[in-house]
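Chemist: Sequence:
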Amino acid sequence: MRRNNAQIDVDQARETPSGRSGISKDLEIEMRNAGAELIRQASIFLGLHITCFGTAQVLFQRFYYSESLRKFSIKEIAMGAVFIASKITEYPVKIKDIVRVFSELFDYRDGRPLRAFKYFEEFYYRTRDQILIAEVTILSSLGFDTYVELPYRLAIHYLQILDLINNEIILQKVWSYVNDALCTRVSCIQSAPSIAIGCIFIAAREEKIKLPCAWWEIFDVFIEDVKYIAASIKSFYIEEDERKRRERDGNLTPIDLEELEKYLSRE
1 MRRNNAQIDV
11 DQARETPSGR
21 SGISKDLEIE
31 MRNAGAELIR
41 QASIFLGLHI
51 TCFGTAQVLF
61 QRFYYSESLR
71 KFSIKEIAMG
81 AVFIASKITE
91 YPVKIKDIVR
101 VFSELFDYRD
111 GRPLRAFKYF
121 EEFYYRTRDQ
131 ILIAEVTILS
141 SLGFDTYVEL
151 PYRLAIHYLQ
161 ILDLINNEII
171 LQKVWSYVND
181 ALCTRVSCIQ
191 SAPSIAIGCI
201 FIAAREEKIK
211 LPCAWWEIFD
221 VFIEDVKYIA
231 ASIKSFYIEE
241 DERKRRERDG
251 NLTPIDLEEL
261 EKYLSRE
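For the sequence shown, UniProt numbering gives the first residue as 1, with consecutive numbering after it.
None of these hints come from the bench; they were simulated from the model. Quantities reported herein were computed from a predicted structural model and do not represent experimental measurements. Be a bit skeptical, because a hint or two may be false.
Per label pair, the in silico range of CB-to-CB distance [as the list claims (entries may be wrong)]:
(1) E224 with N166: 25 to 35 angstroms
(2) P212 with S21: 22 to 32 angstroms
(3) D107 with L257: 16 to 26 angstroms
A virtual CB, placed ideally from N, CA and C, is assigned to each residue, including glycine.
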């Protein structure tokens, strides 16, 4: 079994299908973050297991290194990623529940009254079909390679080795940082061990925990990767604060193809 979860290199990260189709780097990051937030919110309302949440995030991010945001809607790919993740992690979610939860999220986002949801109306069948098509699209684009190694267990194991497992503040911070790291492109560029170490690195620095010199080398992780992960997570917080501020002002991040084309026509 592969130990490395990384699928792309830094050069591939710089030149993406979305970038080649005319989407700026900043807009691509903003749209990826919006999709990750949709998955996060849906995971909470669906009560998804943490491995299902993490797997959906990685599959979503990985997909857009194969395909363009201008060709495939964030709405549909986010739903498809959750559906696939629920299958491969063996924490199945009924497709009708995915339709219901995402529909409520979309209505809330767009300021529409929440509809009285009916499972036998045209809207339900149309959305269900979108999810099934997204499932096939994601699997085909990824060459049916849905292997995902998540950093959660590794982070716990490393904290045990570092004798930090009983430090509740560190444990909570590391867990939160792992969750947030999976909402970024880091999950496609760095291995799960590196992400786990990067999250411990941030938490230990914040809590001023003294660890052995070059302790990350014990786990066969390079300091350059650790710093890259730490910087990426911190950048994610800044980007999300700015994106959410704009959305509060009424400037919604485009999450479907029609919204995206309207957005690009105004630039």
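Chemist: If a hint holds in the structure, say so; if it does not, say that too.
Modeler: Verification of the supplied hints:
Distance hint check for E224 and N166: the Cβ-Cβ separation is about 30 angstroms, which falls inside the suggested range of 25 to 35 angstroms. With their beta carbons about 47 angstroms apart, P212 and S21 fall outside the hinted range of 22 to 32 angstroms. Distance hint check for D107 and L257: the Cβ-Cβ separation is about 19 angstroms, which falls inside the suggested range of 16 to 26 angstroms.
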